[in-house]
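Enquirer: Here the structure of chain A is known, so what remains is to put chain B in place on it, guided by the hints.
2 protein chains.
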Amino acid sequence: MTQNRRKFLKTTAATSLSLGITMPNLFANQHRKKEKRLGIAILGLGGYGGGQVAPALLETKYCYLAGIVTGSPEKIPEWQEKYNIPDKNVYNYDNFDSIADNSDIDIVYVVTPNALHMPFVLRAAAAGKHVICEKPMDISSANCQIMMDACKKAKRKLQIGYRLRYEPRHLKLMELAKTKPFGKIQSIDTNFSFYGINNSNWRFTDPALSGGGPLMDIGIYCLDACRYATGLEPLSITAQKYKTVMDKLPGMEESIFWQMTFDDGIVANCGTSYVARRNYIWISAEKGNYGIEPAFSYRGLVGKIKDQVMEDTSTVRQQALQMDAYAQNILMDTEVVASGEHGKQDMIYIEAIYEAAETGKTILF
Amino acid sequence: MTQNRRKFLKTTAATSLSLGITMPNLFANQHRKKEKRLGIAILGLGGYGGGQVAPALLETKYCYLAGIVTGSPEKIPEWQEKYNIPDKNVYNYDNFDSIADNSDIDIVYVVTPNALHMPFVLRAAAAGKHVICEKPMDISSANCQIMMDACKKAKRKLQIGYRLRYEPRHLKLMELAKTKPFGKIQSIDTNFSFYGINNSNWRFTDPALSGGGPLMDIGIYCLDACRYATGLEPLSITAQKYKTVMDKLPGMEESIFWQMTFDDGIVANCGTSYVARRNYIWISAEKGNYGIEPAFSYRGLVGKIKDQVMEDTSTVRQQALQMDAYAQNILMDTEVVASGEHGKQDMIYIEAIYEAAETGKTILF
Numbered sequence: 043m044t045q046n047r048r049k050f051l052k053t054t055a056a057t058s059l060s061l062g063i064t065m066p067n068l069f070a071n072q073h074r075k076k077e078k079r080l081g082i083a084i085l086g087l088g089g090y091g092g093g094q095v096a097p098a099l100l101e102t103k104y105c106y107l108a109g110i111v112t113g114s115p116e117k118i119p120e121w122q123e124k125y126n127i128p129d130k131n132v133y134n135y136d137n138f139d140s141i142a143d144n145s146d147i148d149i150v151y152v153v154t155p156n157a158l159h160m161p162f163v164l165r166a167a168a169a170g171k172h173v174i175c176e177k178p179m180d181i182s183s184a185n186c187q188i189m190m191d192a193c194k195k196a197k198r199k200l201q202i203g204y205r206l207r208y209e210p211r212h213l214k215l216m217e218l219a220k221t222k223p224f225g226k227i228q229s230i231d232t233n234f235s236f237y238g239i240n241n242s243n244w245r246f247t248d249p250a251l252s253g254g255g256p257l258m259d260i261g262i263y264c265l266d267a268c269r270y271a272t273g274l275e276p277l278s279i280t281a282q283k284y285k286t287v288m289d290k291l292p293g294m295e296e297s298i299f300w301q302m303t304f305d306d307g308i309v310a311n312c313g314t315s316y317v318a319r320r321n322y323i324w325i326s327a328e329k330g331n332y333g334i335e336p337a338f339s340y341r342g343l344v345g346k347i348k349d350q351v352m353e354d355t356s357t358v359r360q361q362a363l364q365m366d367a368y369a370q371n372i373l374m375d376t377e378v379v380a381s382g383e384h385g386k387q388d389m390i391y392i393e394a395i396y397e398a399a400e401t402g403k404t405i406l407f
Numbered sequence: 043m044t045q046n047r048r049k050f051l052k053t054t055a056a057t058s059l060s061l062g063i064t065m066p067n068l069f070a071n072q073h074r075k076k077e078k079r080l081g082i083a084i085l086g087l088g089g090y091g092g093g094q095v096a097p098a099l100l101e102t103k104y105c106y107l108a109g110i111v112t113g114s115p116e117k118i119p120e121w122q123e124k125y126n127i128p129d130k131n132v133y134n135y136d137n138f139d140s141i142a143d144n145s146d147i148d149i150v151y152v153v154t155p156n157a158l159h160m161p162f163v164l165r166a167a168a169a170g171k172h173v174i175c176e177k178p179m180d181i182s183s184a185n186c187q188i189m190m191d192a193c194k195k196a197k198r199k200l201q202i203g204y205r206l207r208y209e210p211r212h213l214k215l216m217e218l219a220k221t222k223p224f225g226k227i228q229s230i231d232t233n234f235s236f237y238g239i240n241n242s243n244w245r246f247t248d249p250a251l252s253g254g255g256p257l258m259d260i261g262i263y264c265l266d267a268c269r270y271a272t273g274l275e276p277l278s279i280t281a282q283k284y285k286t287v288m289d290k291l292p293g294m295e296e297s298i299f300w301q302m303t304f305d306d307g308i309v310a311n312c313g314t315s316y317v318a319r320r321n322y323i324w325i326s327a328e329k330g331n332y333g334i335e336p337a338f339s340y341r342g343l344v345g346k347i348k349d350q351v352m353e354d355t356s357t358v359r360q361q362a363l364q365m366d367a368y369a370q371n372i373l374m375d376t377e378v379v380a381s382g383e384h385g386k387q388d389m390i391y392i393e394a395i396y397e398a399a400e401t402g403k404t405i406l407f
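Here the protein sequences come in this chain order: A and B.
The numbering used here applies: residue 43 is where the first sequence begins, and numbers increase by one.
The numbering used here applies: residue 43 is where the second sequence begins, and numbers increase by one.
Pulled out of the complex, with its shape left as it was, chain A reads as follows (with noise of 0.2 Å):
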């Protein structure tokens, strides 16, 4: 798989970037018409595709899952049975650029290693297909810029994979930024990290793949809500990274702590780790604290705002909530929320907070 992954990784970013674009009627296929529903097709058949896109998309309203695009072949005929997928709406690698042509499949979902994003987002959008791409948008900020333009220029739409954004409690975030109940917001205190050590997923064994470490993986969901729990940009960063098990996570950190101010005079202290256990955000203002605990997880997230308890959402799947979201901005022209721009936006916080971690300097934006 790594080597096939490789090979694409090598040959497509030459070959993805002619814009032959066909514009697919949105609602030829008369299913969709009637339902306006959007086809997707998962690129990328692995744990997160396979284990909660999928399923995802059996409860979404506006979107369902028409097609999939894969370097397994022998994960093909359980896939089409199990979704009811027609064999012209299975692609490989290969013929994947010929999807341009298939009405069916209006977005592609990229869920591929991380430093294959770039690769199949230039081609999807060469392709005429609107797309979501996983987070981290890729492994670096410069690929952020090259995919954006590409979808610009294609005039496609391009989301990224921030199923928080779309989360009730995580929401409630965001709204609390605004409105302010408790005063200022003064600190955030927030980690997110589990024990992924021995796990032998490309995620923490091929940094080529990963383009990093926790940081990438699940921390970089913490840089995030600390930018929209404050609906500000941060000002400086410090970071800390460690190693202690030399022979795991080839090329990754273990544990990364990093620091950020914003303006108004708000401090973050994050971390993320593969060999520890925590799974939070804390926000303290001049009148109360509030928060998620845990926070990032698929399900059972408990958010609470002084000692009560936010409302029970616990049955929303949050990747359904980010794709008929999604597909409605494509319905109705309007703008994404997780926007490439954002995503570009975390890869420069994340290569600061490598930076700051490598040199001991605050990187000041």
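Think of the hints as simulated: they come from the structure by calculation, not from any bench.
Please note that a few of the clues may not be correct.
Computed list of lysine to aspartate or glutamate pairs in EDC-like fashion (alpha-carbon distance at most 20 Å, straight line) [as the list claims (entries may be wrong)]: (1) A:K285 <-> B:E275; (2) B:K329 <-> B:D354; (3) A:K285 <-> B:E328; (4) A:K329 <-> B:D305; (5) A:K290 <-> B:D305; (6) B:K329 <-> A:D289.
Expert: Coordinates of chain B only, in the frame set by chain A:
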């Protein structure tokens, strides 16, 4: 008050070192002889002395509140009535040294502002009394050594008021550091913060008395807990400090975060602030997490080992446990748990945390 204290701060160090010690008979008092209870005099009748130490002494088995030493004469009548304290056991800061002749008093508990700990500990030891000194032990590690030397020379025992070193859940952390039921400890996440920025107490307004901000006052609990939750001493310290409201907390930090590494690859992320509300310590080991949250309050602590809540011991009063343990140390001439050596070492780390925050450098031990 502050003026009085300052005056004492300047004059006591010079006058208190004439160690003409009389060794009182511990059981001269018939009442105490029967019950083997040592007499404690509280020196400093502020919030902690009055709100915590004195009530705790109604619950202790091996010691009791025998006397008071105060610079606030207006407080005397209420204390005498409430705790049945005879006139002969009431001292002011001028006649305090004559406590040497009072066989009712075996122990002086120094609960003054931090900067006054040294002069009063020296005077108490010179008067032949055992001494409990509230934490932080002093505002400088150099002073701590002077205090230890004085008590040693006077052959009196010195205990530092680390109430949590006697608390059942925190004792459990110490035990788990030894038994390691979940394999290697890999990571500690701890923070003790409260919203103190608008408080008018000396801890928040008078750096000459406090010697620092939340780190000296409450962050010290996180620091100390990292030591006993690992059974190890830090190898390196980095730190970041913040000040955003310039007209409050004069001459002290508002928030400070610090990171420590320990042998065995353990990394700790610690925080303390007067503009936040956080109160926890969580330890991640290879095969499970455990911790306490709230962790550092006087009561209401909740300890968890994996998902099991630790035995409820919420009725214990930490200060009573601490003082009874100390009284037994004296009665049986055994080593105290929270020793001067220990308090001094915390001050050395606190000085390193401040230095790391000032310079941006990693302080190595």
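Enquirer: Could you run down the list of hints and mark each one as holding or not?
Expert: Structure-based check of all given hints:
| no. | hint | in the structure |
| --- | --- | --- |
| 1 | A:K285 <-> B:E275 | holds, 19 Å |
| 2 | B:K329 <-> B:D354 | violated, 24 Å |
| 3 | A:K285 <-> B:E328 | holds, 15 Å |
| 4 | A:K329 <-> B:D305 | violated, 40 Å |
| 5 | A:K290 <-> B:D305 | holds, 18 Å |
| 6 | B:K329 <-> A:D289 | holds, 19 Å |
Hints 2 and 4 from the list above are not met by this structure, while the remaining hints are.
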